[in-house]
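Enquirer: Chains as they are written, first to last, in this note's numbering: chain A, 1 to 258; chain B, 1001 to 1149.
No lab work stands behind these hints: they were computed from the structure.
There are no misleading hints in this set.
To list a few chain A residues with every Cβ distance to chain B over 10 Å, as calculated:
#1 M42
#2 S208
#3 A232
Okay, the calculated bits of chain B under chain A, using three or more residues with CB under 8 Å as the criterion:
#4 1049 to 1063
#5 1066 to 1077
#6 1097 to 1111
Glycine residues also receive a C-beta, built at the ideal position from the N, C-alpha and C atoms.
Residue-level listing of the chains:
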Amino acid sequence: MRIGHAAAALTILAGIVPAGAEIATAQRKSGYDFMARTTQAMQDGDTSNPGMLWVLDGAALWDRKAGAANRSCADCHGDAPTSMKGVAARYPEFNATLGRPINIEQRINLCRADRQQAKPLPYESKDLLALTAFVARQSRGQPIAIAEDEPTRRSVETGRAAFVRRQGQLNLSCAQCHDDNWSGRLAGNPLTQGQPTGYPIYRLEWQSLGSLQRRLRNCLTGMRAEAPALGAQELVDLELYLMSRARGMPIETPAVRP
Amino acid sequence: MLVAGLAAALACSPAVDARAELASYAVVGDAIPVSLTGAGGDPKKGRAIVANRQVGLCLLCHSGPFPEERFQGTLAPDLSGAGSRWSPGQLRLRIVDSTRINPATIMPPYYRIDGLERVTPAFTGKPILNAEQVEDVVAYLATLRDAKQ
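Same shape as in the complex, but just chain A:
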């Protein structure tokens, strides 16, 4: 049968696992593993990694007093390599006061608003990216450690549902690309598993640092699907699902990506 022939051809060409299967733990790979040697080398060296410029800016902001409280992050949190080690690896984290998970940017902005009594920093602003990169850098090498409690699990499920749902004019789900076809090439470029290990990342195409939500909005736009505003709970839930899917993988922040 011709239909059978086409399906068989696809399976051979793409070498795919049966559709709908989550990636086995032993098969998980960071986007890093799919990159050219030169791009990997750029990420590896602190002097060659452009993301380190934001980390340095973040270190300066960490020590700077701000807001009506006239306090710096350091005033309360002290030495970041100690106090922030492993923190970003736990986010998004369920916030009991708000009754929902918040991502690391939102956690930093809570301290801006409540502890420093300063205006929250806009998403993707230079200062928020710098602080986020600095905080997440303190988790480099730490295993992703999303909580497994009940409220977290509920949001993970919401994120997972969004990950496997077909959407947009192209009628694709995230999973069809990042679970089912990650060994293939999309328009000549390696398609990866969509692992969230390196955020914020320096993306060569952006010529800038950017958040995980910015990356997710890129994918949604490519699918010609509605892209929720930065900070939207739907995007936080997706982030949370991605982080739980990557549980145990080491943080790479600031990663470099093509």
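Given chain A's structure and the hints, the job is docking chain B onto it.
Expert: Just chain B now, with coordinates in the frame of chain A:
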């Protein structure tokens, strides 16, 4: 080759929603035997649509006889020889809505606007390709008669 079939472009009810703009068609077996426009497409235009990353998007997933295109996909069969493997009617259904053949396919439904979720406003109510473009693509694919190029 494509024949100028019966006009299938029967507009449904006027203006209520964009759906009215899609030509109706009949699926027979695994094919849509009749042209969506009632006329044959232009294979030259079809080739340009297939090669264009913003319009046809085909080379995201497929490869094909496009020596000038350096970046092609590996997620789907090579399009070389598609015209030998499939009749124009079979090609038409695969472009219009591949989910009719393989419900789990990743190939987008190029000429369908219902049953899609959360389409971004700029594309809501619009098919990926219009009827003329679908016919141009079908006409082009039908010319791909050699298995290897």
